[in-house]
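There are 2 protein chains.
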Amino acid sequence: MDDKLMLMIPGPTPVPEQVLLALAKHPIGHRSGDFNKIMAEVTQNLKWLHQTENDVLSLTVSGTGAMEAGIINFLSPGDRVLVGCNGKFGDRWAEMSAAFGLEVDTVKAEWGQPLAPEEFKAKLEADTDKQIKAVIITHSETSTGVLNDLETINRHVKAHGEALIIVDAVTSLGAVNLPIDKWGLDVVASGAQKGYMIPPGIGFVAVSPKAWEAYKTAKLPRFYLDLGKYRKDAAKNTTPFTPPVNLMVALQVALRMMQSEGLEAIFARHQRLMQATREAVKAMNLPLFAPDGHSSPAITAVAPTNVESEQIRSVMKKQFDIALAGGQDHYKGKIFRIGHLGFVSDRDILTAIAALEATLRELSYESMSPGAGVAAAARVFAQS
Amino acid sequence: MDDKLMLMIPGPTPVPEQVLLALAKHPIGHRSGDFNKIMAEVTQNLKWLHQTENDVLSLTVSGTGAMEAGIINFLSPGDRVLVGCNGKFGDRWAEMSAAFGLEVDTVKAEWGQPLAPEEFKAKLEADTDKQIKAVIITHSETSTGVLNDLETINRHVKAHGEALIIVDAVTSLGAVNLPIDKWGLDVVASGAQKGYMIPPGIGFVAVSPKAWEAYKTAKLPRFYLDLGKYRKDAAKNTTPFTPPVNLMVALQVALRMMQSEGLEAIFARHQRLMQATREAVKAMNLPLFAPDGHSSPAITAVAPTNVESEQIRSVMKKQFDIALAGGQDHYKGKIFRIGHLGFVSDRDILTAIAALEATLRELSYESMSPGAGVAAAARVFAQS
Numbered sequence: 003m004d005d006k007l008m009l010m011i012p013g014p015t016p017v018p019e020q021v022l023l024a025l026a027k028h029p030i031g032h033r034s035g036d037f038n039k040i041m042a043e044v045t046q047n048l049k050w051l052h053q054t055e056n057d058v059l060s061l062t063v064s065g066t067g068a069m070e071a072g073i074i075n076f077l078s079p080g081d082r083v084l085v086g087c088n089g090k091f092g093d094r095w096a097e098m099s100a101a102f103g104l105e106v107d108t109v110k111a112e113w114g115q116p117l118a119p120e121e122f123k124a125k126l127e128a129d130t131d132k133q134i135k136a137v138i139i140t141h142s143e144t145s146t147g148v149l150n151d152l153e154t155i156n157r158h159v160k161a162h163g164e165a166l167i168i169v170d171a172v173t174s175l176g177a178v179n180l181p182i183d184k185w186g187l188d189v190v191a192s193g194a195q196k197g198y199m200i201p202p203g204i205g206f207v208a209v210s211p212k213a214w215e216a217y218k219t220a221k222l223p224r225f226y227l228d229l230g231k232y233r234k235d236a237a238k239n240t241t242p243f244t245p246p247v248n249l250m251v252a253l254q255v256a257l258r259m260m261q262s263e264g265l266e267a268i269f270a271r272h273q274r275l276m277q278a279t280r281e282a283v284k285a286m287n288l289p290l291f292a293p294d295g296h297s298s299p300a301i302t303a304v305a306p307t308n309v310e311s312e313q314i315r316s317v318m319k320k321q322f323d324i325a326l327a328g329g330q331d332h333y334k335g336k337i338f339r340i341g342h343l344g345f346v347s348d349r350d351i352l353t354a355i356a357a358l359e360a361t362l363r364e365l366s367y368e369s370m371s372p373g374a375g376v377a378a379a380a381r382v383f384a385q386s
Numbered sequence: 003m004d005d006k007l008m009l010m011i012p013g014p015t016p017v018p019e020q021v022l023l024a025l026a027k028h029p030i031g032h033r034s035g036d037f038n039k040i041m042a043e044v045t046q047n048l049k050w051l052h053q054t055e056n057d058v059l060s061l062t063v064s065g066t067g068a069m070e071a072g073i074i075n076f077l078s079p080g081d082r083v084l085v086g087c088n089g090k091f092g093d094r095w096a097e098m099s100a101a102f103g104l105e106v107d108t109v110k111a112e113w114g115q116p117l118a119p120e121e122f123k124a125k126l127e128a129d130t131d132k133q134i135k136a137v138i139i140t141h142s143e144t145s146t147g148v149l150n151d152l153e154t155i156n157r158h159v160k161a162h163g164e165a166l167i168i169v170d171a172v173t174s175l176g177a178v179n180l181p182i183d184k185w186g187l188d189v190v191a192s193g194a195q196k197g198y199m200i201p202p203g204i205g206f207v208a209v210s211p212k213a214w215e216a217y218k219t220a221k222l223p224r225f226y227l228d229l230g231k232y233r234k235d236a237a238k239n240t241t242p243f244t245p246p247v248n249l250m251v252a253l254q255v256a257l258r259m260m261q262s263e264g265l266e267a268i269f270a271r272h273q274r275l276m277q278a279t280r281e282a283v284k285a286m287n288l289p290l291f292a293p294d295g296h297s298s299p300a301i302t303a304v305a306p307t308n309v310e311s312e313q314i315r316s317v318m319k320k321q322f323d324i325a326l327a328g329g330q331d332h333y334k335g336k337i338f339r340i341g342h343l344g345f346v347s348d349r350d351i352l353t354a355i356a357a358l359e360a361t362l363r364e365l366s367y368e369s370m371s372p373g374a375g376v377a378a379a380a381r382v383f384a385q386s
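From first to last, the protein sequence lines stand for chains V and Y.
In this text, residue positions in the first sequence follow the working numbering: the first is 3, and each later residue adds one.
In this text, residue positions in the second sequence follow the working numbering: the first is 3, and each later residue adds one.
Possibly wrong hints are sitting among the right ones.
The list treats identical chains as one, so a pair stands whether inside a single copy or across any two.
[Claimed, not checked] Cross-link-like lysine-lysine pairs, in silico, BS3-like; alpha carbons within 27 Å at most:
| no. | residue 1 | residue 2 |
| --- | --- | --- |
| 1 | K320 | K221 |
| 2 | K238 | K6 |
| 3 | K125 | K27 |
| 4 | K39 | K90 |
| 5 | K125 | K39 |
| 6 | K334 | K238 |
| 7 | K6 | K218 |
If you are wondering where the hints come from, they were derived from the structure by calculation, not from laboratory data.
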């Protein structure tokens, strides 16, 4: 049905009505006192969301632009970086690092499996002359629904002492606990169209004092993504280049909503949505792609065997107006992904699971008892 | 009055209601057939607006990001570039070029004065061993309201034969004739919040076949701003990184409005708005900053002598809810700027001039006969 689309993809995520209406307000000038006030509030609330006193800078870029800023501002050509690769985004950061002339070493895991912290430990301990300048980790690997064990990997980085830890938190920020100051994370990049509940168009980078120290001697060329310029202007509640004004106004509203829900409640909700989705998928006898204990609260990837992923997505879209994501790169057609990130409620999961059951019936999938998925999700909701 | 603000700054520019409402629609997935269709239409209409068969690529960046992409994709460290500097933005491109290790030569003019094409001619003719790889020109210098003579400068670049011409068209595109194919412009960068009539958050870069040739051997590192990636994906009506979906939907609506008005009518309207504004300012005995014959149809800068610029802006804002722009850098407080770019009508100019007259009276400015400004603007409208 026209205008009936329900987004269950890992971004853009659904946007609350009050945020959409804020987006539709006439823009104001970004060199005005009124905009300075918005920036001041947004910056304060971004720090709250990031659980940090570090700078949190807003750029007119997508998540990839935020990660690029997070890498090029703190490194020099030839610097050795250790990149965790267990999905499309980890691979992308390795490719990006190579494009900027960094010497890239990787820790790999199969798509759908988590990175092994002990492999980082081994490489970092072996680096006695401290040549590794940064460790780059994708916290929630959007392409597979795996949540990497950032806390443990970060402990090994801290034991190394020299390397910065640079985190892609694009689908983890606002979905799972990520205490930047407590853990001592140096650079954390994220994007608007995820946990923030606003449409795409702003990238965020949180930067620690240690990273700012590295910035001073980092030699990769930069201008538009030069975070020093953003830091200098953020102190005056402004930006060096034109910010996406309407998105910033929308962000102001969305951050107020997040504050009113509370961080703990937001994390608990995502945990519950993930749990209900995974239990429902198991009850439908569909194989989960990410193992228990390593799954992302933002997205659940499913790897069906007796039924085609793309057929499922097609019926879900055409008959039930629910957009699911497909697999990426070599997993195209092999998995489908259910996004449950941002402005998603318990009801949305029941809806999606009910539609998935109906879709499976439509596709003559026989390995499940009717109603089992919805019942399993309901059980999780009743228990939590 | 609350919610009554009228934007007369050079960006963000006013946004039509139908564009604002499009912006407030629920986002859709950018990896969907529905989004591909939007991209296909938008790309086609962008080519129409740019008067070109060249690629016109859309990036999630502000205008500065678009210019950076326009420079770093086609040059290598140490390449010599010739940059026209007669305002804040020309200066910015010189600074940016230096940040990327380019060897920067400049042609300068005082702020408020146009660049002299013959100075480009002399430097380009002297470059017999073709060391100048690119000439970088700001077409409409937003900081001063000067329109540089791009057509003549470009002719000298063409006579040189080797150098690319890279154009900042941020406040000229959609305001003044800029026939990319006819003139043979290689790289033209612009931004959403100007002639496009949508809020900030998309940058555009048009790229000629000659520039793509240079791209093949250009050695500056790039990833997020790598235009080759955007070109490859644009052929499939998609983008390498997440596009600002809602802004793209808004752009679709805005481009349809522009097509329905027609290019010639749009240019004539901006010409008329500029003429009416300038005649009115003259009639009020306020000095225009840019000379006749070299003024931008996007913005009129005024350099008042017997009255304070910042006082004028303050009364205009507080009493009449009209936002004017101030001067930038060393012209802060010395000039004010009236934006008449994008979704601006004859009525808006009458309104702004009437308010400016009332403001001058409020400030006890005595060098004008009451009503002279509005009368002068009305005369222009009656004649055109």
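Status of the hints after comparison with the structure:
1. For the identical chains of this complex, K320 and K221 are neighbours neither inside a copy (51 Å) nor across copies (46 Å), given an alpha-carbon limit of 27 Å.
2. Taking identical chains as interchangeable, the C-alpha atoms of K238 and K6 lie at most 27 Å apart only when they sit on different chains, with a minimum of 26 Å there against 43 Å within one chain.
3. Taking the shortest alpha-carbon separations for K125 and K27, neither the intra-copy value of 52 Å nor the inter-copy value of 48 Å comes in at or below 27 Å.
4. Taking the closest pair of Cα atoms, K39 and K90 come within 27 Å of each other only across two copies (25 Å); inside a single copy the shortest separation is 38 Å, beyond that limit.
5. Taking identical chains as interchangeable, the C-alpha atoms of K125 and K39 are never at most 27 Å apart, the minima being 46 Å within one chain and 47 Å between chains.
6. Taking CA atoms no more than 27 Å apart as the test, K334 paired with K238 passes between copies only; the shortest distance there is 17 Å, against 46 Å inside one copy.
7. For the identical chains of this complex, K6 and K218 are neighbours neither inside a copy (51 Å) nor across copies (45 Å), given an alpha-carbon limit of 27 Å.
When each numbered hint is compared with the structure, violations occur for hints 1, 3, 5, 7.
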